[in-house]
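**Q** Following the hints, put chain B in place on chain A, whose structure we already have.
Protein chains in written order, with the working numbering: chain A, 1 to 209; chain B, 1 to 209.
Among the clues, some could well be false.
The list cannot tell twin chains apart, which means a pair is met if one copy fits it or any two copies do.
As the list claims (entries may be wrong) - Here are the simulated lysine-lysine pairs, DSSO-like style, with alpha carbons at most 27 Å apart:
| hint | residue 1 | residue 2 |
| --- | --- | --- |
| 1 | 153 | 33 |
| 2 | 6 | 153 |
| 3 | 10 | 123 |
| 4 | 180 | 27 |
| 5 | 153 | 140 |
For the record, the hints were derived by calculation from the structure and aren't laboratory data.
Okay, here's what each chain looks like letter by letter:
2 protein chains.
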Amino acid sequence: MQKIPKPAVKRLAMYYRCLERLREEGKEVTSSKEMAQRLGIKACQIRKDLSYFGEFGKRGIGYNIDNLLERLKEILGVEKAWKVIVIGAGNLGKAIAGHRVIKEQGFEIAALFDIDRRKVGTKVHGVEIKHMDELGDFVKKEGVKIAILCVPKESAQNAADEAEKAGVQGILNFSPRVIKANIPIENVDIAVALKSLTFQIIRRKGKHE
Amino acid sequence: MQKIPKPAVKRLAMYYRCLERLREEGKEVTSSKEMAQRLGIKACQIRKDLSYFGEFGKRGIGYNIDNLLERLKEILGVEKAWKVIVIGAGNLGKAIAGHRVIKEQGFEIAALFDIDRRKVGTKVHGVEIKHMDELGDFVKKEGVKIAILCVPKESAQNAADEAEKAGVQGILNFSPRVIKANIPIENVDIAVALKSLTFQIIRRKGKHE
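This is chain A alone, in the form it adopts within the complex (with noise of 0.2 Å):
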């Protein structure tokens, strides 16, 4: 298979989404012109972005949601549950141990890391809070695939170390610094994202003012 850019990877699971709710809705049949209208992203992207992976659709009748839904749960590998732990137990990744999104996408919250021996022990919505030395441990007995990284950003290097060494396969980083590993990382910047808006806003009011 040919490489996907990294854009169209994140569209894909924007797709995915898409189609989960028209199901939802009760729909059979959609097409790229009815979820461009419903995501944003024009329709002869998502058409491409789709030939990717071989033609899904029929010209005239569109696309079988639940076969489309079908082949992107392979392709994007949420047809099996991932184990997940969240790296540091703050207000933040609790809250992410708690989030309703990550496990209704299929992923399992196995245990929260932090180095607060107070905190150790203890439980946040149902899930358990372990000492980051029971970490290489406890990510091979469960098969811990991922870790969320919510420590400080001065503890994101060496989080993401210590994971790596314990055999997680993939970091998501919600710090907000830019971490070196030999797996792949996605980063949830939250200054960055609240700073392409103020540009946003700036440009806007130039042009409208």
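**A** For chain B alone, coordinates are given in the frame of chain A:
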């Protein structure tokens, strides 16, 4: 000024933070090469992005960090404090309201809003929870510019509509639903980031095993 593509804006925000860190380390001058190494972005990309705003660097000397930070501050609109509200005082909303990164980057969380009257009047990290009924008046009186949406997906569009009606100028959307508005929207989509990660993990395994 020519139109700047959105991914470039996100990178500018990353450069901003990289430069802040270099300054913290006591440096006065940097180069696109040094920034490239830290950020994992190609040096030529960095030079191209910065060239949208005229030439900052001197060949063989590099960029003066203070000057570049000042220019980026103007460009990104972070030279002034932006008043922000959080809509939805659930776990995630409360964590975001207390998130260090947001304050450090010059954003002020003015209030949280919720429809749950049991929460209204209480404080989280020193920030008061107000009722959605007060949104319009508060936004006008306080000059709130940005709303961070941390509501369940079912309420996301409604909350966005109310924010826009109240006079908010931009929305940071944490809910996993595409919302529509006539003001700029940035999406922080945790489920999409996780799926993008699982996609990469699967591909990688296919390649190496």
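**Q** Taking each numbered hint in turn, which are not upheld by the structure, reported in ascending numerical order?
**A** 3
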